[in-house]
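Residue numbers (this note's numbering), protein chains in the order written: chain A, 1 to 425; chain B, 1 to 298.
It is worth saying that the hints were derived from the structure and are not from the lab. Please read all numbers here as calculations on a predicted model, not as lab measurements. Built from N, CA and C at the ideal position, the CB exists for glycine as well. Be careful, since some hints might not be right.
As the list claims (entries may be wrong) - Computed list of lysine-lysine pairs in DSS-like fashion (alpha-carbon distance at most 30 Å, straight line):
1) A:19 x A:30
2) A:24 x B:194
3) B:202 x A:30
4) B:89 x A:387
5) B:127 x A:30
6) A:19 x B:202
7) A:415 x B:127
8) B:209 x A:24
9) B:209 x A:30
10) B:209 x B:291
11) A:118 x A:104
12) B:202 x A:24
13) A:104 x A:146
14) A:151 x A:133
15) A:387 x A:122
16) A:134 x A:104
17) A:30 x B:194
To be verified - A few chain B residues that don't get close to chain A, going by computed Cβ distances all over 10 Å:
18) 68
19) 83
20) 214
21) 291
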Amino acid sequence: MEVTISTAELLTTDGIPLKQSLRKAERRNKLRAFLLVFPLLLFIVVTFVMPIGDMLLRSVDDSQINSVFPNTFDEYKNWDKGADELPPEEVYKSLFFELANGDKRQIGKALTRMNYAKSGWKSLIKKTTREIKKIIKKGEEPISYKETFIKINKLWGDPTYWYSFNQMVNDRSSIYYWNALDRTFDEDGEVVLQDEKRRMYVKTWLRTFKVSIYVTIFCLILGFPVAHLLANLPLRYSNLLMIFVLLPFWTSLLVRTTAWIVMLQQNGVINGILVWLGVITDDGRIQMVYNEAGTLIAMTQILLPFMILPLYSVMRVIPKSHMRAAQNLGAKPAMAFWRVYLPQTIPGISAGGLLVFVLAIGYFITPELVGGKDGKLIGSWIAYHLKTTLNWGLCAALGGILLGIMLIFYWLYNKIVGIDNIKLG
Amino acid sequence: MALPSYATPVQRTYYYFYLFFCTVVFFFLIAPLFAIIPISFSVSPFMVFTEGMLAWPPDPEAWSIRWYKNMIGDCSADVVSSTVPCSKKWMVGTVNSFYIGIIATVIATALGTLAALGLSRPHMPYKGLIMAILISPMIVPLIITAAGMFFFYARINLVYTFTGVILAHVALATPFVVITVTATLVGFDMNMVKAAQSLGAKPMRTFFKVIMPLILPGIISGALFAFITSFDEVVIVMFMASIDQLTIPKQMWAGIRQEISPVILCMATCLVLLSIFLLTTVELLRRRSEKLRGIKAR
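This is chain A alone, in the form it adopts within the complex (with noise of 0.2 Å):
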């Protein structure tokens, strides 16, 4: 076939050209597209992006303390710690003015963040600053601030104390990181281990992991096959199975963890059921709930029918005959299941895999309820610092790494699925 290109510019009638006027028409569509779009994009930004964004700042600010104590924290960076043993008389005589004339909530806020870097921080500045206050009630002008530091509490002469604000005076601060991996800043600044009977984050991350992949399996143990069966039945029957994978799913997340309680509790229904039938006697009934157990029962029924769904999805679509002609050329039953059908399942089962599994890591409700002391994960520390002990520093980087081991996952999710190929129902 024979083409032939005009040379000569295309016009419209308006005589504006034919090109330039499409690039405006094109132009006009993408913002109309856009427009419907930005009520939510905005929306969702202002009430969700944001205060992520505001989450991730605090975790790692450190500015509060920095204006409770600006002037001794400037003369403190002038200390040489080399060369002397405690820190230059400036430094204790900003001190003094600061704790004397301070807003007393601003001190207060700051005495909570000192007692993180250092415990006894808190019982020290009250004590000091009730005598300042005396002093200067008195209109005495002390001839050393360092002497009457000392005089006031002997733990003035403590370098150690000292040493402790070295991870205080920055605005912006990594300590909350490390206080999440159970790690703090030593009296040269350097990362080490905290104390003893301090270390719980590690524990709980790791039991995190643990309980997180333990409910994957158990879900891919349970899902597969009842995905395999849904995928094969008549429609008929899979549609009226399907309720039973869609109900838990529509149910709300309390009542279903409830019902766990009901069920594995001491007296509960699988005990009576197991006492009835002799397995154990009426003495031996067994602990199910409250701990690690009870969590990983619970969470298993709960995220089941996450992994059922893409399984399904992926099952459904494989063809019969496969199976019946890898049967055919002579493979055994066991051989062509291995061999032909679940390699074409693998895109549901890393689906499904990664869904349970990042679902399960940020879980807070299940485990708080069920889990007990022993089955408590991440998110209850999170809960615990935001609404208990108002640690928001150390609750944000939390929060923080949590959100970081998401999106890695969600990150894999993606290459693998794709997120628009997420589906509901």
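Starting from the known structure of chain A, arrange chain B on it as the hints suggest.
Chain B alone, transformed into the frame defined by chain A:
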């Protein structure tokens, strides 16, 4: 699916084991939900099957609706028990849950449908990035969302208000609307819009007379997803609502933590019924939508 007639005994055993295993899993999925229903009708203030309930012939003395009366705030003599407190809290919670849920659903459905329309247009720029941002509230664990929102909303005085809770719930619910409506729009024939426009319909009229009736099942499904998301949500409510701003999930949470009582099971039974209703509706809508779009049922 049935076993072929030439199956060997080993295959037969495998097959029956497989069926048995699937039955057990189905039972595992559904049994806990239905186990709580009979216990909610127990006389006993403990969450167990009493001997009277299991007796044959059934002992009418063992059954009662006293906890349901307790739940709706009827604190008459036969309802009060020394271990189970009676108050109007459950009803207050129900009203609040519906109030928050309905407002959040309306806003989420409107915003989500608009966005889905935009995202389905072929000219949408940066589609992947925007989709990722819009879906992110569904992906980030609730406890992180709650922490972030608590810090941020505290700065602008929105914590301990219903406004704050509703805004948070809208953010959590919109991804469900966007996903469901986008899925409905995949099979949507854009020529119909062109036809309407060439016949002189303005954009608004085109939307309400042509697009909307066709994607309505998707919109309603999305709205139901949005509603149940808000209605079941407890983490945000726990941190963002004040102590006396109760909702059903918050009251259940408190119930499980402190005063474990059969009243929780009554509410749980009601919620199971609600979820059956919602599931049926969504399923019917999905079939209708497939029929409307001319997709053959699988």
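Hints and how they fare:
no.	hint	result
1	A:19 x A:30	holds, 16 Å
2	A:24 x B:194	holds, 19 Å
3	B:202 x A:30	holds, 19 Å
4	B:89 x A:387	holds, 23 Å
5	B:127 x A:30	holds, 11 Å
6	A:19 x B:202	holds, 27 Å
7	A:415 x B:127	holds, 16 Å
8	B:209 x A:24	holds, 29 Å
9	B:209 x A:30	holds, 24 Å
10	B:209 x B:291	holds, 19 Å
11	A:118 x A:104	holds, 20 Å
12	B:202 x A:24	holds, 21 Å
13	A:104 x A:146	holds, 23 Å
14	A:151 x A:133	holds, 15 Å
15	A:387 x A:122	holds, 21 Å
16	A:134 x A:104	holds, 16 Å
17	A:30 x B:194	holds, 17 Å
18	68	holds, 16 Å
19	83	holds, 15 Å
20	214	holds, 17 Å
21	291	holds, 15 Å
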